[in-house]
Structure formats: structure tokens, C-alpha cells
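Colleague: Starting from the structure of chain L, add chain S where the hints point.
Sequences listed follow chains L and S, in order. Residues 107 to 464 in our numbering are what the first sequence lists, from first letter to last. Residues 36 to 339 in our numbering are what the second sequence lists, from first letter to last.
Don't take every hint at face value.
Unchecked claim - Covered by chain S, per the in silico footprint, the following chain L stretches (three or more residues, Cβ under 8 Å):
1) 230-238
2) 285-296
3) 321-329
Hints are computed from structural coordinates only; laboratory data are not their basis. Glycine included, C-beta positions come from ideal geometry on N, C-alpha and C.
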Amino acid sequence: MTIKSILTGATLALGFATGAFADAHQTKVGFVYVGPIGDGGWTYEHNKGRLAVEEAFGDAVETVFVESVPEGPDAERVMTQMALQGADLIFTTSFGYMDQTINVAANFPDVKFEHATGYKRADNVSTYSARFYEGRAVQGHIAGQMTESNIVGYIASFPIPEVIRGINSAYLHAKAVNPDVEFKIVWAYTWFDPAKEAEAASVLIEQGADVILQHTDSTAPQAAAQAAGNVVTFGQASDMAEFGPFPRVSSIIDDWAPYYIARTQAVIDGTWESTDTWDGIGPGMVGIGEISDAVPADVKVSAEALIETLRTGEYHAFTGPINKQDGSVWLAEGEIADDGTLAGMNFYVEGITGDIPQ
Amino acid sequence: MDLSSINPILLFASLMVAATPIILAAIGELVVERAGVLNLGVEGMMITGAVCGFIVAVGTGSPWLGFIGAAIGGAILSLVFGFLTQVLLSNQVATGLALTLFGLGLSALMGQGYIGVKAPSFPDWHIPLLGDIPVLGPIVFQHDPMVYVGLAIVAIVWAFLKYSRAGLILRAVGENHEAAHALGYHVIRVRIMAIMFGGACAGLGGAYLSLVRVPQWTEGMTAGAGWIALAIVVFASWRPGRLLLGAYLFGGVTVLQLNLQAAGAAIAVEYLSMAPYLATIFVLVIMRAGRAPGSLGQSFHASR
Chain L
107 MTIKSILTGA TLALGFATGA FADAHQTKVG FVYVGPIGDG GWTYEHNKGR LAVEEAFGDA
167 VETVFVESVP EGPDAERVMT QMALQGADLI FTTSFGYMDQ TINVAANFPD VKFEHATGYK
227 RADNVSTYSA RFYEGRAVQG HIAGQMTESN IVGYIASFPI PEVIRGINSA YLHAKAVNPD
287 VEFKIVWAYT WFDPAKEAEA ASVLIEQGAD VILQHTDSTA PQAAAQAAGN VVTFGQASDM
347 AEFGPFPRVS SIIDDWAPYY IARTQAVIDG TWESTDTWDG IGPGMVGIGE ISDAVPADVK
407 VSAEALIETL RTGEYHAFTG PINKQDGSVW LAEGEIADDG TLAGMNFYVE GITGDIPQ
Chain S
36 MDLSSINPIL LFASLMVAAT PIILAAIGEL VVERAGVLNL GVEGMMITGA VCGFIVAVGT
96 GSPWLGFIGA AIGGAILSLV FGFLTQVLLS NQVATGLALT LFGLGLSALM GQGYIGVKAP
156 SFPDWHIPLL GDIPVLGPIV FQHDPMVYVG LAIVAIVWAF LKYSRAGLIL RAVGENHEAA
216 HALGYHVIRV RIMAIMFGGA CAGLGGAYLS LVRVPQWTEG MTAGAGWIAL AIVVFASWRP
276 GRLLLGAYLF GGVTVLQLNL QAAGAAIAVE YLSMAPYLAT IFVLVIMRAG RAPGSLGQSF
336 HASR
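Isolated chain S (complex conformation):
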């Protein structure tokens, strides 16, 4: 085994890139679940965002507009879920699963004419000064802008939930929707807004794959990333900080295991392949599991 061929700076740098789609999708779902809604359709919203973003980016030539299109596409799809579960009071688990299947099919249909087309390039930012810091510069400050957008969204969500009044209301709705309703808050409206935010974030995560990571449209390209995001939300005990940790851990071990393989490590590939999942679950479970929002997954109707 020749571990010297692994460059730790490049390893950490690619860790940040590998974790970004999961961070984006997971932070959206975190807000949704903190509002008391369980949306299992993350995978479907991601892939729809991936194709919407790709279509818009190819059509306009601008990756930025692509990301906006992806967010809108994901939000519109999530609105279907919001309408069914919040207005028509359908079962959230079943509706979420259906949303995933629907999203996979819809994206395949929308992407028909875009197979083999190339996305406009989305160059990395070399942040002046900060990017020149040895070691830290290449790891943290020389990525494409979406890596920082993802981090910014996590920070904003954290501050929003912890310090803002609106965040308090959102948490109240998620903890006990009847009490929140009694206090005069509009439970359904809060939840639908949270669901749309979740859809938009999942769409961004998907578009990160189709516009930056891969960058191409292929059917089924999210390949389960949405489910990983869902799992990370739960294992992170619904806290933004831990979510970041979980996503970096998952991304990090994923990249590390490929590096170890390429370096010829004498560890069976099967163990290396399962390592990202095991490591993430292990660490996040060890860190004292938190409690789920009180009203998670329950339908609300003002008459009850």
C-alpha cells in the first residue's frame, strides 16, 4: 500500500464537493421535519431539480439561472406533496414515496431531449487572499460558488431556527400543532412554506449533481442521494450543526475509501464500500440521539 499517493489537501477539498448535494437536500428536509412534516420525496425532488436546472442552464447558458430554475422546479413538485398532505390530509409516508416515484418518472420524461448534451461550465472561485493561504486555501476557499451557498443556507437555517421569531413559530408547529393552532398560528400555511423550502433545497442539491458534479443529465443520476440526505437528518437529531458534520463525514469517508482503494490498501473493498454508511451512523448515534419533533408525520386539521 502506498499511502503517500493520497494527497490530504485534495482529499479534504473533494470532501467538501462530495458532501454539497447531500447538505443542500438534507438542510431543506430538516426544516420540513422541524415543521412536523415527513417528506420522503427528497429523491424525487432532487432528480426533478437536477433536470429542471439542467434544462434552464442549457437553454439560457447560465448555470446560475439553472440553479434558480432547479429551486423553482423542486418547490413546485413539493407543492404537490404539500397540497395532498396538508389540504387533502393524505398519508405523508405514502405520499412522499409516491412523490419520489413520480419525480423519477417526470424527470426522465423532461430530460428526453437532453441526454448527451453538455452543461455550460461553472468555474471554481479562487477567492483572492483567502484562496492563497497554504493548506487551508485549496481546501476551503477554491471551490465553485454553490459549495458556499450550501454552507450559507445551513448557517441561515441554524440562525433562523435558534434566534428568529418565525423560527420559533415553525418549531412550535412541529412540536405541537394543536397548541400552535390554539395560539393563533396558521399551521397549514407554515407547513406548506416549509415544504416548499425543502423542495427548493432538494432541487438545488440535484442541480449541483447535474450542473457541477457530473455535469451532465442522465436518468436516475441522483442514485439514492436523497435517501442518504433523509437518513442524515434523522441521525443528526434535526440539528443543522450535526447535519453538516454528518454530511462531511459521509462525503469524507466516501472519498477516502476510493482513495484507499486506488492507493492499493489491503482492506477488503466490501468493508471500504460500507464504511461511509457505518461511520456516519456510528458517530451520529454515539453523539446522543435527539428527540424527533413532537408532531412529526401527523396530519393536522383545525376541527380536531
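This is chain L alone, in the form it adopts within the complex:
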């Protein structure tokens, strides 16, 4: 036996050993976050989902995460690095990571990717999102009845379907209970910038809004409303209960934990497939935070009834008749919006003033 063959044998053995080790090795799950895990909103909840995965699987799963990753080329680098470091499953948790996720996934066919709130899929890329608009319907329902100035301020982030859906849903349900309601919408062009969000909230309050809805991730608008004294807010993405019972009267809570655990299990079992998940209040992906006592009792009762019908699926938040902003018919009487239109929503419904930035 030559030295060479001994070496070859040793190398092979080593190879098998590491291979065997890799098999027994933990499943590695990566998370890419758009904000810091301490934002108290969107990323905070995704991170709670990650911690739930760790708790559920113990030593069988290792999780890694990178926070505050900008949407753009940086995200691609972060994902590539995670894949190279042996991640088996990577959750990319912001809409703006969509193209980057698809690009990186093409380079790593064996790694599974899960992109939140997007619509592009591949064999190893799933998408998942929550029907936040169901929560927005509840917010609109409460907001429309609690506003005295009839002006509702809305801090929007980016003009993407998810945000526009939220605005439309909130408006429709506010309008249903208060025909005089008016929405003032400010586009902050950020998911997370506490100073700018506080600024936007103050501006809306100065212009007469006494309810502030936010689609940005920090608690700064809550604090601004609290300082103003008589302004109602809703928690966004997370409960933000520290601002209850007033100004925060309720909230939309994202609960990603069950989904993250199920998908990690699927990877471990080898049953993972590319899917498109879009769950609402019913399956529990969207939670409605406790409606505080600052809300009048009758409003609270009707809001809870609305939550119940949304939960059972008896009522859909986009049920006709609904016209588009230009007055053309979108949904006829009793017609229910299809998921395709909702997923790509790029128009306001009738009654909202202003244009969507293009």
C-alpha cells in the first residue's frame, strides 16, 4: 500500500466522517431582518418567531440572523453568506428582498428560501404573508367611530400592494361606519426611522387627524400621539401594549411562530415544497390585540363581531360593491375580491383622495 493510497483512504474516511457528521448535524435556519430586532414592531415579531423555532426544536436546529439589512445588493450578500455557511432554510422577511431572494436561490438549489410578503416563487423559494388587511378592517371600523374631526391620518411606508391593501381596507371599513371620514396619507418611504415617523405623526395631528394608523415599524408615532393627548393609535405588527389603554386602543399582531416551526419541520422531514401561504385571522397568523376600554362599549362589541366573521371566513374584508378611485366598478354587489387582484393591488378605492406614488 503506497502512501498515496493511505492518504486517499484517510481523506475518504474523513469525508465520510464529516458527511456523517453533517447528517447528524443540526438543521440550520437563517433569518434576514430589515430592521433591528428591538424595533418593537415588525422585526421584533419575526425574531419572536425565530426564538419559538429554537425553543420548539432545541438542539436539533441552529438559527442565525442578520438584522438591519438594507433592501438591495447588501441583502444578496447576506443571503449568499448564510447559504455558504450551510443554512438549510432561509427566511427573508421584507418585501424589498424579493428579487435578491430569487437571485440567490438560483445559485443555491439545495437551500430552501422563504420570502415574506412577496409574489415571486421558484422551486426552492416559497412565499408567505399574512392577511394584514383583515386587521386593517377592524382598525378602520374602530377608527371611523372614534374620530371626532373625521380625519384619520395614515403613515404609509412604501407604495407596494401590501400597504395599499391596508389603506383601502381601513378606509372602506371606516367609511362604512362614518360616511364623512377622510384619510390623510403620508408616505414616509421607510420601514423604520423613528424620528421621521414621529415627524409624520405630528404633521398629521397638526392637520387635524385624531386617529393615526401606521404602516411603519417603530413605536414613535404612538409616543407622538400620546404627547398630543387626544389621538387614537393602533399597534402595528406587534402589540405595543406599553402605549395602552390610550392612545393605543388595539393592534395588529403578526404571529409567525407556527409557520416558522411548521416550515422548519418540513425541511427536517424532507417534505418541504415551494408554496404560497397567505393566512389571516382564522389560522392565527394575524392577531388582533386586546381592544382597550378607551373604546366605547358598543364599538368594541361590533368590532369583536367583525373579527369573528373575518375569523370564520363568513365575511371577506373586500366584498362588493366597491368602486375604484376613478369611479369604475371593481367589485359588483356581493362579489369577493380574488387573491390575484389583492396581491397586486395598485389602486385606491373610491373616496380616497390623492395619488399613489408610482
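Modeller: Okay, now just chain S, sitting in the frame of chain L:
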């Protein structure tokens, strides 16, 4: 579009508040750069000040002590920069950038237990008599005390640089450190003091965000305000008066663009969003650009 819904008095009043953190951070950096040191770590010192101020204010219940804590925190962090660049002669640009990254990480670590905690409130001052003047009163004289502290610091820096002997020495060190050294001035000592002043001011600016503007601790909450402050120093040609103008312009257009959006102005949001940056650069460039301090960004060692 319904412009009548914009209240000009409230607009100008919120302009002063929006500009304050930038003024505080920028005036500190102005002194640092006039002493010939380029500290790109403003963002890191701001965020560290924000978290230090928040921790002290929550711990003691006093926002004033919080601001003092923020100034000390910012100054200590800047001392790291001062030691590396002035004593060990490291590259100022690289060290400053590292300071920003370090500050962001350090603040996130220090702020771990403070997420979701509320800061003690810091009430506005209603200055008697002056606050009752119609129009001017609500715009200028009904803010929280830190707005006036910021203005006072700008005025003091202006007078210090223009009229005092110490200010002359500081400028000499910044213009030509070898000549200043030949005259017997202690270049390194002057610069380290300037750097600490810059750190303290940046810390105050950060704490203004975490204690007054937002008021809460969230990671990364300065969100680039330190970089704006740096840019304003350059565009203001290293002069305190113009710095004030630049910061108010930036703050003003920021608030105005949100107001226009809320009022439903028929201007594309993209243009409105870029307006603060464009307007500030445009005006300050038009006003005849000044010359940078002669020794800006150069290391000094007595042996050369």
C-alpha cells in the same frame, strides 16, 4: 390640494424641533473640524449619546441628568477616537467610520434592557410674556429647553471662534498645525479637547431624539441624522451662522414636505422626499462655498 390645512405657525414651530438634533451634532463637529480633525463618527457618538441619555434619564427620573449623561457618554466615545487618531496617529477617515459602526453596536448592546421603556417626560417651557406674543410666541418661545440650549451653544461657539483667544488658537491649530506648534501651542491637547466637545454635542443631539423627539429607545434610532450633520458642516463652510441656516432649512423642508403630502399636494412624493436634501445643498452651495481648514484630516506629530 388644500393648503389651508397647513398651519404656518405650527409648521415653523415644528421646524425648530426637527432641526435641533442636527444643530447639536453639527455644531460639535464644526468645532472639531475647525481644529483640523475630521471625525466621521458623529452617527456613532449620537446613538451612543441617545442610549446613555436614555439610561440615565430612566434611572434617575430626570431628563436633565439624562442629557448630562448623554454628553459624557458621547465625550467618552469620542475620546477613543481622539486617542487613536491623535496619539497613535491612525487614519482619521477610517477611525471615524469605525467609530460609527462601533457606536451603533455598543448602543444596541447597552440598550438591551430598555426597549419599550418610557422616558420621563420633558415638558415644554412656556416662557412668560415672550411666549404670549402672537405668532412669534408659539413659534419661538414655547419649546422644550433643549431647543434653546442648542441655540445657545451655537451662539457661544460663534463668539468663541470669533472673539476669544482660545478660539484663535483652535483655528490656528486647524489651519496650520506646524505653525501653531512652532508658536508653542499644544496641538494634540487642543485637538483632543475639541474632539471631546464634538462628542458631547453629538451625544446631546442623540439624546434629544431618545428623550424628546421620539421619546423612546429603539436601536438605530438616529437613522442617519449624524451623516446629515456632517454634510451640513461642510456645506455651511465651517461657519456657525450658516450651519444654523442649513439645519433650519433641512428641518423646515422635511416638515414642509410631510405637510404638503398630508394636505394632498399634487407633487410626486419622490420629489417631496428628496426636497430637503436638494434645497439644503442648493442654498448653501449658492452662498459661495468657503475654504476648509488648512490642516483638516491630517495627522500631526511634533517630529515632522
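Colleague: Does each hint hold? Answer for all of them.
Modeller: For each hint, the structure was consulted:
1. Residue count for the region 230-238 of chain L with a Cβ under 8 Å from a Cβ of chain S: 0. That is fewer than the three needed, and the coverage hint is violated.
2. Closer than 8 Å: that is the beta-carbon criterion, and the region 285-296 of chain L has 6 residues meeting it against chain S, so the requirement of 3 holds.
3. Using a Cβ-Cβ cut-off of 8 Å, 4 residues of the region 321-329 of chain L lie near chain S, which meets the minimum of three, so the contact claim holds.
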